[in-house]
Amino acid sequence: MDCAKVFFNGAKRRGLVTVNPFEHQVSSTRPNRARDYFLTRDDTERIIAVCPDAEWRLLVSLWRYAGLRKMEIFQLTWGDVLWNKGKMRVQITKTKHHEGKDIRYVPLRDIRQYLQETFQAQLTDGASSLPAEQKIISRFSESNSNLDKPFKTILHRAGLVPWPKLFQNLRSSCETDWLNEGHPAHVVAGWIGHSVKVQRDSYAQITDGHFERFNSHPRSTPKSGTPGGTVGAGNDGKRQEIVVPLSVPLLAKHEKTPKTLSVSGFEVAAAGLEPATPGL
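Here the working numbering is used: the first residue of the sequence shown is 586, the next is one more, and so on.
Quick caveat, the hints were computed from the structure, so don't treat them as lab data. Check the hints yourself; a few may be wrong.
[What the hints assert, rightly or not] Pair by pair, the computed Cβ-Cβ distance ranges are:
(1) G767 / R804: 18 to 26 Å
(2) H609 / T709: 31 to 39 Å
(3) Q698 / K750: 37 to 45 Å
(4) R742 / A619: 22 to 30 Å
Virtual Cβ for every residue (Gly too), placed ideally from N, Cα, C.
Using the sequences plus the hints, can you model the full thing?
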């Protein structure tokens with residue numbers, strides 16, 4: 586079913602068909618989390634350190650620190666970098682055929698220095714600016730996008746073994762980092778370019794760091810109320826009595842008619858709160 590949906594989605598994007606007959610069919614396929622791999626920031630810096638030039642350093646940072654998909658890098662122009670607003674516009678190639686899902690924004694914090702380095706490298710003699718429509722990635726193009734082989738060469742140079750789902754796990758590691766920083770899930774999902782459900786099912790990872798942070802903090806003992814219907818000193822040190830209203834009348838033993846109850850200063854008649862039913 587998944588293969589059929591992907592096949593028809595591709596045909597729909599190319600205008601070969603107008604609808605995907607399998608679009609609303611429920612798929613039984615579940616994400617394979619056994620192939621997850623979390624690339625730490627330390628290992629990422631090792632990779633960046635052995636990259637051959639500024640553009641490769643930027644590529645790695647875009648994948649790992651900004652969560653871009655492998656092919657999204659080719660759409661970037663210098664006009665997409667909103668320096669003063671601290672964000673960059675990304676053309677979403679995967680979902681651009683869906684209304685309102687063709688653009689997203691990612692924060693600049695972790696990629697700014699690599700963008701600046703590449704910007705300076707592309708300046709011609711005496712120039713201080715670049716055309717807004719100029720492509721940021723000029724070394725490769727979509728028609729010549731075999732990035733896997735040279736990227737794996739860089740990984741080996743850094744002393745790392747290529748991991749499964751090479752580029753998706755870079756995005757997954759980026760998203761996991763952002764979630765660990767405490768940013769709201771819907772915000773992080775918007776930066777990455779998918780739903781919170783996809784985030785939960787296929788991207789957000791449980792790492793060794795989660796266990797280390799949990800185990801490094803002693804368990805806090807919550808303050809509890811004092812038993813017996815009172816709470817501890819508070820509100821200027823005065824102890825307060827908790828009054829619990831009764832919602833139903835109490836029956837005396839062996840009696841069918843409820844007794845009159847007195848609760849917090851008002852009386853409930855023996856007939857109760859509801860109107861009497863004729864004949865009863």
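So, going through the hints one by one against the coordinates:
The beta-carbon spacing between G767 and R804, approximately 20 Å, falls within the hinted interval of 18 to 26 Å. Range check, H609 to T709: Cβ separation about 53 Å, and the 31 to 39 Å hint is violated. For the pair Q698 and K750, the supplied restraint of 37 to 45 Å is violated, since their beta-carbon distance comes to about 27 Å. Checked against the hint of 22 to 30 Å, the pair R742 and A619 passes, with Cβ atoms roughly 28 Å apart.
Hint violations for this structure: numbers 2, 3, all remaining hints satisfied.
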